[in-house]
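Sequence lines, in order, name chains C and L. The first sequence begins at 0 in numbering that gives the first Met the number 0 and counts up by one. The second sequence begins at 0 in numbering that gives the first Met the number 0 and counts up by one.
Calculated from the structure, these hints are not laboratory results. Note that the structure is a prediction, hence the values are computed from the model and not measured. One thing to keep in mind: the hints can contain errors.
[Unchecked claim] With a straight-line cut-off of 30 angstroms between C-alpha atoms, the simulated BS3-like cross-links for lysine-lysine are:
hint	chain 1	residue 1	chain 2	residue 2
1	L	K692	L	K133
2	L	K142	L	K153
3	L	K79	C	K316
4	L	K703	C	K316
5	L	K128	L	K144
6	L	K128	C	K164
7	L	K60	L	K247
8	L	K153	L	K381
9	L	K515	L	K439
10	C	K260	C	K316
11	L	K526	C	K338
12	L	K128	L	K275
13	C	K316	L	K133
14	L	K439	L	K553
15	L	K692	C	K338
16	C	K316	L	K144
17	C	K338	L	K703
18	L	K370	L	K692
19	L	K703	C	K164
20	L	K42	L	K133
21	L	K214	L	K60
22	C	K283	L	K381
23	L	K403	C	K38
24	L	K23	L	K79
25	L	K19	C	K38
26	L	K136	C	K316
27	L	K370	L	K275
28	L	K515	C	K164
29	L	K405	C	K338
30	L	K60	C	K38
31	C	K38	L	K42
32	L	K133	C	K164
33	L	K128	C	K316
34	C	K38	L	K23
35	L	K144	L	K285
36	L	K441	L	K19
37	C	K164	C	K291
38	L	K403	L	K19
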Amino acid sequence: MRPFRFTNAKDAASAVRSLTGNPNARFLAGGTNLLDLMKEDVERPDELIDITRLPLTQIRTITSGPNQGGLSIGGLGRNADAANHPLVRQNYPLLTQAILAGASGQIRNMATNGGNLLQRTRCPYFYEVSMPCNKREPDESSARAGCGALEGINRMHAIFGWSEKCVAVYPSDMAIALAALDATVNVRKADGQERSIAFADFHRLPGDTPEKDTNLNHGELITAIELPRNRFADHSYYLKVRDRSSYAFALVSVAAALEMKENRIVQARIAMGGVAHKPWRALKAEQLLVGKEASDATFRQAAEAEMAGARPLSHNKFKVELSNRSIVRALQMAVNGGKA
Amino acid sequence: MNDNNKVTGTPISRIDGILKVTGKADYSTDHPVRNVAYGILFKSTIAAGTIRTIDTAEAEKAPGVLAVITHRNAPKLNVKGGIRGGAMLQSPAVDFFGQHIGIVVAESFEQARHASRLIQVTYDEAPAKVDFDKLAKGAVRPKDKEDEKRGDAKAALSTADYKIEEVYTTPIEHHHPLEPHATIAEWNGDQLTVYNSSQIVNGAQNATAATLNIKPEQVRIVSPYIGGGFGSKGGQWANLVLTAVAAKVVNRPVKLALTRQQMVNSVGLRQQNVQKVSLAATKDGKLTALAHETTTHCAINDEFVEPCGDCSKLMYDTPNSLITYRVVPMNLILPTYTRGPGKSTGSFALESAMDELAYKLKMDPIEFRIKNEPERDPSNGKPWSSRATVQCLREGANAFGWEKRKPEPRQQQEGNYLIGYGVACGTYPVHQRPSSALVKLKREGSTVTATIELAAADLGTGTYTILAQTAADALDLPIGNVTVRIGDSTLPPAAGSVGSVGAISYANVVNDACMKITDDLIARSGKQYFARPTASQVMIAERIDTFQARVDSKAPEGADDYSSHSFNANFAEVRVNMSTGMVRVSRFLAVTGAGKILNPKTARSQIIGGNVWGIGMALTEESVVDPRWGNFVTRSLGDYHIPANLDIGNMEVIFVREDDTISNRMGVKGIGEVGIVGVAAAVANAVFNATGKRIRELPITPDKLL
Ligand SMILES: Cc1cc2nc3c(=O)[nH]c(=O)nc-3n(C[C@H](O)[C@H](O)[C@H](O)COP(=O)(O)OP(=O)(O)OC[C@H]3O[C@@H](n4cnc5c(N)ncnc54)[C@H](O)[C@@H]3O)c2cc1C
Ligand code: SF4
Chain C
0 MRPFRFTNAK DAASAVRSLT GNPNARFLAG GTNLLDLMKE DVERPDELID
50 ITRLPLTQIR TITSGPNQGG LSIGGLGRNA DAANHPLVRQ NYPLLTQAIL
100 AGASGQIRNM ATNGGNLLQR TRCPYFYEVS MPCNKREPDE SSARAGCGAL
150 EGINRMHAIF GWSEKCVAVY PSDMAIALAA LDATVNVRKA DGQERSIAFA
200 DFHRLPGDTP EKDTNLNHGE LITAIELPRN RFADHSYYLK VRDRSSYAFA
250 LVSVAAALEM KENRIVQARI AMGGVAHKPW RALKAEQLLV GKEASDATFR
300 QAAEAEMAGA RPLSHNKFKV ELSNRSIVRA LQMAVNGGKA
Chain L
0 MNDNNKVTGT PISRIDGILK VTGKADYSTD HPVRNVAYGI LFKSTIAAGT
50 IRTIDTAEAE KAPGVLAVIT HRNAPKLNVK GGIRGGAMLQ SPAVDFFGQH
100 IGIVVAESFE QARHASRLIQ VTYDEAPAKV DFDKLAKGAV RPKDKEDEKR
150 GDAKAALSTA DYKIEEVYTT PIEHHHPLEP HATIAEWNGD QLTVYNSSQI
200 VNGAQNATAA TLNIKPEQVR IVSPYIGGGF GSKGGQWANL VLTAVAAKVV
250 NRPVKLALTR QQMVNSVGLR QQNVQKVSLA ATKDGKLTAL AHETTTHCAI
300 NDEFVEPCGD CSKLMYDTPN SLITYRVVPM NLILPTYTRG PGKSTGSFAL
350 ESAMDELAYK LKMDPIEFRI KNEPERDPSN GKPWSSRATV QCLREGANAF
400 GWEKRKPEPR QQQEGNYLIG YGVACGTYPV HQRPSSALVK LKREGSTVTA
450 TIELAAADLG TGTYTILAQT AADALDLPIG NVTVRIGDST LPPAAGSVGS
500 VGAISYANVV NDACMKITDD LIARSGKQYF ARPTASQVMI AERIDTFQAR
550 VDSKAPEGAD DYSSHSFNAN FAEVRVNMST GMVRVSRFLA VTGAGKILNP
600 KTARSQIIGG NVWGIGMALT EESVVDPRWG NFVTRSLGDY HIPANLDIGN
650 MEVIFVREDD TISNRMGVKG IGEVGIVGVA AAVANAVFNA TGKRIRELPI
700 TPDKLL
């Protein structure tokens, strides 16, 4: 860890101001990702601004605006509290499942909702500073420029949307559910104004700038995550496939949410984790499902339509068929209200 | 005292349990040492070559830094002193990625780590041998491992009615004990005290002394508690002596703990093994040939080969047998002993092949094994001191409900899950190693207390407890009156807690010492007794205040005329998710013949620990090397997947009764290693029974079952 200055933010305005003033400063929330990265010398901030005391932890029903009747989840609330809140459990069980599929009990007690969205990739080359990594070393003249994973050990890496510069996947489980649920992220800007970012526009594909995980600007503070009202609560499921039963990142995960009328699919949302640099909305599959009767054959068709666009790497070809099956399974489970 | 009153063999809880759960048990770096400075190792970022330049100027100027030690200024050490794995800063040569190339000492850990990142190193890189798949073709016979042939296995194979010839692979695995390797070194003049987790206390002492060119009497190893080791703390590695070097340089005590990331290339590993097993049998299931050919890797300049063929030498009766090893030196850290060395990995290959052949023969795998049960040790013709394989299989089959197993795969399904049963056997040799022990008795009024002292090790397995039990019975004292002192090289020398020799060697020497002190007391009293009195009765009657006795024990005469081993049978039930390929071991049963069980509770925990690691071997654990650069990409416990609680279903342990005093007078056999042997094969066999897919490449991750 490099030496750094540590301050406690008194209020959101001063937190944003301090951060904006110093390009090498970072907000400190639960610290479960940032501190690990600092210990490994991947992140090298010279100032940490602790925001955990800011009063942005509430979970409440939204009473006005476009998401009226939906739910607002404070950016600094803890993952465990969000997962277990009665309104979340009742109206957005997909989110509860996704959060609880991630990390461990201890980490979920520390981790915040905003921090979770901003957790960085688990690519092992990103984590080891002696390895080439464009995400960590975006400067092309750096001795460590390049992508270690592109032709290296990339079993865990992307099959959609990657670029020659970076093939990493985004690790959050929570965010996969949020993507399926069409959440928006509310942020406070440097000028004190608020802006809302649609979830699909929050995270980025790597393109030529893999160092940028999201479209959040330096200095912007996540104040809340908003969930619109929906009719998915009876038919949703989060499926996470991993190398061990808990405490492992997804090989592939699927957040599936259906609105059903009898056995007919009225609306469908599918988002996938472990396959891209951002939560991957399976829009082709969704389109194919709408208006159809729920059946294994339809599910398989929808999955294959989506996966036809996959571009696997040398070690992760299995992810294509695994995704097919996972989409089918998640949809089956969603139809049955989460029961096998 | 009659047997019913004995505390040995009863399931008492660990006597050091309270200390541990209240944080009062001092592990190596917990020892309060005044004025301690902190060291951190820094490592090479290439796998082969030499250091051209190493610029430490900025680090030396960094706040709090006391010293930066590299090959340029490190004192000369004896690299053949018994420290494993090299990396002792004696030359600019780099032999593997992540080799120690220096140490920073500072006032605080954070300052040391910060400074270590300011060091600039340039290298002259040489081509690195790090791609095992490519190099394996060039593997050669190890120096100390002749091919072992009985009969002509190849000929028998070529004419066999039924045969299997398959290749089974296991990846690199790491020990990753909960407590990473950690040391405090403190010099007092030319006397060195080292607080260091050591499975072999005297071994650590001797290796440290020899490497530092001082006398063993000048080195004291203090290692009362060990947070796991699994072989990685058996031999000692450079981190120990480099801490002593650092303490000398800064003239202060130095504390140095490896980080989890550093563990992957600092303290050995279990190597990757490619094992070809060929079995031949007659129509009615009598084995006619068994060949087990292992190809593996070792360090570029030092050989260590896991004996993967060991189980195959003696598990089954066959007239023709062939055991071979081929090894390729690579730019990776030296492999080392890892729980059930050779047996856990070798049994995966052998016992998978047995299952494959049983299936081909349409025989029940249990009956197939029993049919080939050898009457004597086939490898040397010696009689068994005892062998419980058949009993383990029969009792296990009963307890597990083996009759419910469907011989054909994919016949048992529950919802989205395929269910399968698997069985596999294992074995591990039994040896009593020379050890000494001191018993001290003290009387206050009519209360006698005992202190037992020997340089034994407790890896967390229960050594303190079983020794207190042994001594309490041998002296006829309440267990609360017995204090056990171990883990200190100033105590009488003892064997290590390695190779499953710990409990055997320690329990016997402590029992012998207690017998001797009783004899000595009787002799001293000068009286004739109608019935043999206990030590405390003599102490009290003769008003003796303190008394002590020391013995040196070794295996009994004639022990070597027999083949002595623990044996087991493992039963696994797996549930395989048909959609995702995720496997869960829902039930596991280990039935073990391990002689006298000193404490069924700690013994059960030992077996379960081995079983859990075996399940990890089967399903999750794998250290991955980048074949371009020789670095491990699995550097944390987030990437190296040891099983989590949710991976482990219902675990059951049965010990079959065995009364075998041939290899040692107490009739104890080891349980430390045998618990992992045969486990991975039982799981893999169950996966086959569930899915019809034979996975010969561990670990069985979901992608392999799609
Ligand atoms: C061993 C381990 C296993 C894990 N397994 C999983 C898993 O299986 N699935 C999963 O989803 N996650 C997993 N995680 C990740 C975990 O969920 C994240 O570390 C956590 O959610 C991050 O939240 P935090 O509050 O601790 O963030 P921090 O570490 O405090 O911050 C992360 C980043 O976000 C920034 N930040 C934080 N809050 C805000 C805000 N309000 N506004 C703007 N910027 C902000 C910080 O500056 C920092 O750059 C695992 C973590 C560990 C250590
Ligand atoms: S995949 Fe991305 S994060 Fe990983 S090494 Fe390549 S650039 Fe770095």
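These are the hints, each one checked on the structure:
For the suggested pair L:K692 and L:K133, the alpha carbons sit about 27 angstroms apart, so the restraint of at most 30 angstroms is met. Using a Cα cut-off of 30 angstroms, the hinted pair L:K142 and L:K153 holds, with the two alpha carbons roughly 24 angstroms apart. Distance check on the hinted pair: L:K79 and C:K316 sit about 47 angstroms apart at the alpha-carbon level, beyond 30 angstroms; violated. Restraint check for L:K703 and C:K316: satisfied, since their Cα atoms lie roughly 12 angstroms apart, inside the 30 angstroms limit.
Of the supplied pair hints, the one linking L:K128 and L:K144 holds, its CA atoms being roughly 23 angstroms apart against a limit of 30 angstroms. Of the supplied pair hints, the one linking L:K128 and C:K164 holds, its CA atoms being roughly 28 angstroms apart against a limit of 30 angstroms. At roughly 20 angstroms between alpha-carbon atoms, L:K60 and L:K247 fall within 30 angstroms of each other, so this suggested pair holds. In summary, the hint linking L:K153 to L:K381 is supported, as the alpha carbons are separated by about 25 angstroms, within the 30 angstroms threshold.
At most 30 angstroms may separate the alpha-carbon atoms for a hinted pair to count; L:K515 and L:K439 meet this at roughly 12 angstroms. For the given pair, C:K260 sits about 36 angstroms from C:K316 by alpha-carbon distance, which is inconsistent with the 30 angstroms threshold. Between L:K526 and C:K338, the direct Cα distance comes to roughly 79 angstroms. Violation of the 30 angstroms bound is thereby established for this hinted pair. Taken as a hint, the L:K128 and L:K275 pair is honoured in the structure, with Cα atoms around 23 angstroms apart against an allowance of 30 angstroms.
The straight-line distance between the Cα atoms of C:K316 and L:K133 is roughly 22 angstroms, inside the 30 angstroms bound, and the hint therefore holds. Proposed proximity of L:K439 and L:K553 is supported: the alpha carbons are some 21 angstroms apart, at most 30 angstroms. As the CA atoms of L:K692 and C:K338 are separated by approximately 28 angstroms, the hinted pair is consistent with the 30 angstroms bound. Pair hint C:K316 plus L:K144 does not hold up; C-alpha atoms about 40 angstroms apart against a cutoff of 30 angstroms.
With a C-alpha separation of about 26 angstroms, the suggested pairing of C:K338 with L:K703 holds against the 30 angstroms cut-off. For a cut-off of 30 angstroms, the pair hint linking L:K370 to L:K692 stands: about 26 angstroms separates their Cα positions. A hinted pair counts as satisfied when its Cα atoms are at most 30 angstroms apart, and L:K703 with C:K164 qualifies at roughly 29 angstroms. For the proposed pair L:K42 and L:K133, the alpha carbon gap of about 26 angstroms is at most 30 angstroms, so the pair holds.
About 36 angstroms separates the Cα atoms of L:K214 and L:K60, which puts this hinted pair outside 30 angstroms; it is violated. This hinted pair does not check out: C:K283 and L:K381 have alpha carbons roughly 70 angstroms apart, beyond 30 angstroms. Note on L:K403 and C:K38: the hinted pairing is violated, with a Cα-Cα distance of about 53 angstroms set against a maximum of 30 angstroms. A threshold of 30 angstroms between alpha carbons decides the hint, and for L:K23 with L:K79 the separation of about 37 angstroms lies outside it, so the pair is violated.
This hinted pair checks out: L:K19 and C:K38 have alpha carbons roughly 28 angstroms apart, not beyond 30 angstroms. A hinted pair counts as satisfied when its Cα atoms are at most 30 angstroms apart, and L:K136 with C:K316 qualifies at roughly 27 angstroms. For the hint pairing L:K370 with L:K275, the CA-to-CA distance comes to about 23 angstroms; that is within 30 angstroms, so the pair holds. As the CA atoms of L:K515 and C:K164 are separated by approximately 74 angstroms, the hinted pair breaks the 30 angstroms bound.
Simply put, L:K405 and C:K338 have alpha-carbon atoms about 28 angstroms apart, close enough for the 30 angstroms limit, and the pair holds. At roughly 21 angstroms between alpha-carbon atoms, L:K60 and C:K38 fall within 30 angstroms of each other, so this suggested pair holds. Between the alpha carbons of C:K38 and L:K42 the distance comes to roughly 16 angstroms, so the proposed pair stays at or under 30 angstroms and holds. The straight-line distance between the Cα atoms of L:K133 and C:K164 is roughly 28 angstroms, inside the 30 angstroms bound, and the hint therefore holds.
Distance restraint check for L:K128 and C:K316: the Cα-Cα separation of roughly 27 angstroms lies within the 30 angstroms cut-off, and the hinted pair is therefore satisfied. Annotation: proposed proximity of C:K38 to L:K23 holds, straight-line Cα distance about 28 angstroms (limit 30 angstroms). Under the criterion of a C-alpha separation no larger than 30 angstroms, the hint pairing L:K144 with L:K285 is consistent with the structure, at around 29 angstroms. With a C-alpha separation of about 27 angstroms, the suggested pair L:K441 and L:K19 falls inside the 30 angstroms cut-off, and the hint holds.
A hinted pair counts as satisfied when its Cα atoms are at most 30 angstroms apart, and C:K164 with C:K291 does not qualify at roughly 39 angstroms. For the given pair, L:K403 sits about 43 angstroms from L:K19 by alpha-carbon distance, which is inconsistent with the 30 angstroms threshold.
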